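Undergrad: The lines below spell out each chain.
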Amino acid sequence: MSVDNWKTPTSPSVGSSGKEPIMLSIRNLHVSVEGDEILRGLNLEVGPGQVHAIMGPNGSGKSTLANVIAGHGDYLVTGGSITYLGRNLLEMPVEERAREGVFLSFQYPVEIPGLSTAQFMRSALNSVLQARGEAPVDAFDFMERAGRHLDLLEMDRSFLSRSLNEGFSGGEKKRNEVFQMAMLEPKLAVLDETDSGLDIDSLRIVARGVQALRTPRRSMIVITHYQRLLDHLVPDFTHVLAHGRIIRSGGRELVRQVEERGYGWLLEELPASAPAGA
Amino acid sequence: MFDSLSRSMESFHELLPYLPGSTLIHASRQRAMERFLTRGLPGRRDEDWKNTPLGSPPIHPGLAFLAGEGSAWREPPMLAGAFGVAFSGTAAARVLAPEQPDWLELGTIASVLEQGSHSHDLLSLLLQRPSSLEDSLDDLNTAYLRDGALLRVRSGAPENVVVHLLTGLPPGRDAIYGRHLVVLEPGTSLTLVEHLVSVDGAETGAFVNGVTKLYLGHGANLEHLFVQEVPGDASLVNSAHVWQGTESSYTLRSLLVGGALARLEARVQSSGPGTITDLRGLAMGRGQQLHDHFTLVEHAHEGGKSFQSFKSVLEHQSRSVFNGKVLIEPGATGVDARQGSRSVLLSDMATAHSRPQLEIYADDVKCSHGATVGELDQDAMFYLRSRGLSTGQARALMLRAFVADVLPGGLLETVPRGEDMQSTTALFSGPVHRWLERISKQEDS
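Going line by line, the protein sequences match chains Z and F.
Per the working numbering, residue 1 is the first one in the first sequence, and the count goes up by one each step.
Per the working numbering, residue 279 is the first one in the second sequence, and the count goes up by one each step.
Hint data in this document are derived by calculation from the structure and do not stem from the laboratory.
Mixed in with the good hints there might be a few duds.
[What the hints assert, rightly or not] Some chain F residues judged to face chain Z by a derived CB distance under 8 angstroms, without partners named:
no.	residue
1	Tyr-661
2	Gly-666
3	Ala-679
[Said to hold, decoys possible] The following label-pair restraints were derived from C-beta to C-beta distances:
no.	chain 1	residue 1	chain 2	residue 2	range
4	Z	Ser-158	F	Gln-393	55 to 63 angstroms
5	Z	Val-33	F	Met-627	46 to 54 angstroms
6	F	Phe-585	Z	Arg-217	31 to 39 angstroms
7	F	Ser-402	Z	Ala-139	50 to 58 angstroms
8	Z	Glu-134	F	Gln-635	30 to 38 angstroms
9	F	Lys-719	Z	Asp-141	22 to 30 angstroms
10	Z	Ala-139	F	Arg-716	53 to 61 angstroms
11	Z	Ala-212	F	Gly-479	49 to 57 angstroms
12	Z	Arg-256	F	Lys-719	51 to 59 angstroms
13	Z	Met-143	F	Glu-377	39 to 47 angstroms
14	F	Thr-650	Z	Asn-58	30 to 38 angstroms
15	Z	Arg-256	F	Thr-703	40 to 48 angstroms
[To be verified] These stretches of chain Z come out as covered by chain F in the derived footprint (C-beta under 8 angstroms, 3 or more residues):
no.	segment
16	98-110
17	190-197
18	221-229
19	262-270
Just so it is clear, the structure is predicted and the values come from calculations on it, not from any experiment.
Each residue gets a CB set at the ideal place from its N, CA and C atoms; glycine is no exception.
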């Protein structure tokens with residue numbers, strides 16, 4: 001089997017209009033962190049409205065992929081390309097990516113004591129709206145928009161006046177990430193282990209919240225260890241990432257295979273040279 | 279050296295006739311000037327001034343200042359509902375309160391000085407030095423003291439009295455000496471706002487030596503707010519000398535934004551048990567500015583509590599200094615003294631000096647101190663930028679969060695306008711917002 005050059009069964013013409021560009025195209029991506037090569041020739045294409053699940057063992061490079069898409073400076077791209085809606089994503093500053101519709105749900109959201117969630121979110125929303133050429137929201141509009149999403153995520157209004165993520169439980173932090181995603185209405189959302197550290201109830205709420213944000217236009221990359229999130233949020237495509245590249249792709253059935261059999265059988269099928277990278 | 283000293287004494291004698299006060303006062307001025315000339319301006323040899331090079335500012339005031347002949351100035355709006363005293367450095371102090379209630383005495387220091395022996399008690403309060411004071415600026419202030427506000431809150435006063443002391447500095451390089459005397463009788467409370475601005479917002483290179491003497495009676499409660507936003511390259515040294523009676527509470531909130539060199543000293547001495555002292559300050563520096571908070575809290579009685587938190591945010595080559603000394607005298611048992619300083623450097627060239635000092639001569643006390651200096655957290659910056667905020671906007675938001683807890687009433691969400699400007703929270707929020715707005719517009723650097 002040829003894993004190196006595998007692509008999702010998607011072509012640029014998959015969308016309804018037939019002419020729109022691919023949402024995201026990653027080609028032969030190589031990324032190092034502090035001198036260690038983590039991604040070693042990763043390829044991935046995501047079309048509009050598609051949900052791609054990325055699974056893989058610890059240390060396989062899942063979070064690296066998420067951070068590189070968002071633009072974290074600690075991750076050094078040493079080769080390959082990422083094209084987002086026809087543009088070179090790697091040349092765009094972090095905030096420009098966000099303003100153009102890229103959203104990362106953080107695995108470990110940062111706590112900022114003293115900065116209220118409302119103030120942060122309203123500033124962020126207005127930056128994004130301005131980039132889209134839309135009018136900024138005032139405090140009243142903001143509360144109206146925020147209220148709808150908070151209800152869906154079963155979050156109390158008092159969230160907004162609390163310091164950003166400070167003292168939030170694991171579940172509250174992840175709900176806050178989904179809340180931010182709902183507010184910013186991204187075109188491409190990358191969810192980095194949004195299900196980790198959640199109890200069953202929180203998982204259900206978070207999954208339902210993300211599912212509600214699924215539209216025919218919005219694409220998602222869902223990075224997870226477990227099947228449980230994907231029970232609620234059924235992916236169109238599933239990829240297994242190991243040793244810095246995608247070693248197997250398939251449909252939703254691959255989720256169950258991984259859940260039942262783990263990753264060992266996939267790793268054993270790899271050509272001997274693969275782990276070292278191409 | 280002798281030459282310049284004798285010239286200084288000559289200048290002093292030329293100016294003395296223009297200074298208010300009786301022969302008795304002038305004798306005190308003469309002795310103070312002699313002490314000052316023996317010691318000179320504080321410099322590097324003085325441990326408490328090691329990182330704050332005052333240099334050689336012009337120390338002799340001009341005649342316009344002494345004669346109080348300067349033209350009246352148009353004061354910025356006073357705080358809503360506040361009694362006020364305005365003092366422009368060239369014009370005499372002016373009481374801005376048409377009617378004074380029985381429970382408030384509001385006057386000028388010039389009149390106290392002129393009354394001489396009739397106001398003996400006030401004079402001794404006005405001239406008292408804290409025991410910890412070693413440097414000579416207080417002497418220099420006594421020698422050239424021109425005017426200021428006299429303020430006494432009497433029992434029966436309501437709880438929400440606000441007095442706004444506005445000092446306007448003239449353009450040019452004048453030496454300005456002011457002194458305020460504030461007396462809170464037992465059980466009274468007051469919010470005192472000391473506000474340093476320049477006349478008509480013009481840049482000034484003045485040398486300011488300001489002293490405020492504060493006396494808190496048994497159970498009195500003083501909230502002292504100090505805001506300095508003087509444009510230009512002024513050298514500003516202001517001192518608060520505080521005597522706290524039994525179970526009184528003194529709160530200081532200081533904001534240093536302007537001037538080339540600005541220092542605020544708070545010397546707080548307990549004169550009875552169970553005092554509560556809460557000192558907080560923020561310095562925001564850019565360019566070559568130097569801002570210095572100096573505190574000395576002397577617990578001489580049992581059961582006192584003191585809390586200190588000082589912060590600075592520094593751009594370019596600016597510097598901040600924090601010297602915080604807590605002295606716990608023998609017998610002052612059960613004292614709880616906490617102190618901390620935190621600085622954020624926005625440039626590789628900025629410097630923050632922090633020197634906490636604890637001197638403990640009593641048993642059964644709780645003391646702590648801590649200091650941090652660092653840059654803004656990079657993970658937090660990435661998090662905010664990943665939501666669409668520019669580097670500048672992300673920095674400004676993080677700095678807002680950083681500074682809010684040392685400001686009275688926190689930081690308003692937006693720039694105060696119109697009537698909203700006339701609250702004490704707005705008085706602090708205005709300069710902070712203006713500073714942060716500049717940061718938020720900066721692009722990646």
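Undergrad: None of the hints should be skipped; say for each whether it holds.
TA: Hints, verified against the model:
The criterion of a C-beta within 8 angstroms of any C-beta in chain Z is met by Tyr-661(F), whose closest approach is roughly 4 angstroms, and the hint holds. The restraint placing Gly-666(F) at the interface with chain Z holds, with a minimum CB-CB distance near 4 angstroms, inside the 8 angstroms limit. Residue-level restraint check for Ala-679(F) holds (minimum Cβ-Cβ distance to chain Z is 3 angstroms; threshold 8 angstroms). Range check, Ser-158(Z) to Gln-393(F): Cβ separation about 58 angstroms, and the 55 to 63 angstroms hint holds.
About 30 angstroms separates the C-beta atoms of Val-33(Z) and Met-627(F), a value inconsistent with the hinted range of 46 to 54 angstroms. The hinted window of 31 to 39 angstroms between Phe-585(F) and Arg-217(Z) is violated, with their beta carbons roughly 54 angstroms apart. Between Ser-402(F) and Ala-139(Z) the beta carbons are some 54 angstroms apart, a value that agrees with the proposed interval 50 to 58 angstroms. A beta carbon spacing of about 55 angstroms between Glu-134(Z) and Gln-635(F) contradicts the range 30 to 38 angstroms that was offered as a hint.
Restraint check, Lys-719(F) to Asp-141(Z): a C-beta distance of roughly 24 angstroms satisfies the suggested window 22 to 30 angstroms. A hinted range of 53 to 61 angstroms is violated for the C-beta pair Ala-139(Z) and Arg-716(F), which are about 24 angstroms apart. In this structure the hint that Ala-212(Z) and Gly-479(F) lie 49 to 57 angstroms apart at CB holds, the actual value being about 53 angstroms. Roughly 52 angstroms separates the CB atoms of Arg-256(Z) and Lys-719(F), a value that falls within the hinted 51 to 59 angstroms.
Remark: the range hint 39 to 47 angstroms for Met-143(Z) to Glu-377(F) is upheld by a beta-carbon distance near 44 angstroms. Judged by the Cβ atoms, the range 30 to 38 angstroms given for Thr-650(F) and Asn-58(Z) holds: they are separated by roughly 33 angstroms. Between Arg-256(Z) and Thr-703(F) the Cβ separation comes to about 59 angstroms, which falls outside the hinted range of 40 to 48 angstroms. Remark: the segment 98-110 of chain Z is confirmed as covered by chain F, as 7 of its residues place a Cβ nearer than 8 angstroms to a Cβ of that chain, reaching the required three.
Coverage of a stretch by a chain is defined here by at least three residues with a beta carbon nearer than 8 angstroms to that chain's beta carbons; for the segment 190-197 of chain Z and chain F the count is 0, and the condition is violated. Only when three residues or more bring their CB closer than 8 angstroms to a CB of chain F does the claim for the segment 221-229 of chain Z stand; here the count is 0, and the claim is violated. With a cut-off of 8 angstroms between beta carbons, the segment 262-270 of chain Z has 0 residues touching chain F; three or more are needed, and the interface restraint is violated.
Comparing the model with each earlier hint shows violations of hints 5, 6, 8, 10, 15, 17, 18 and 19; every other hint is respected.
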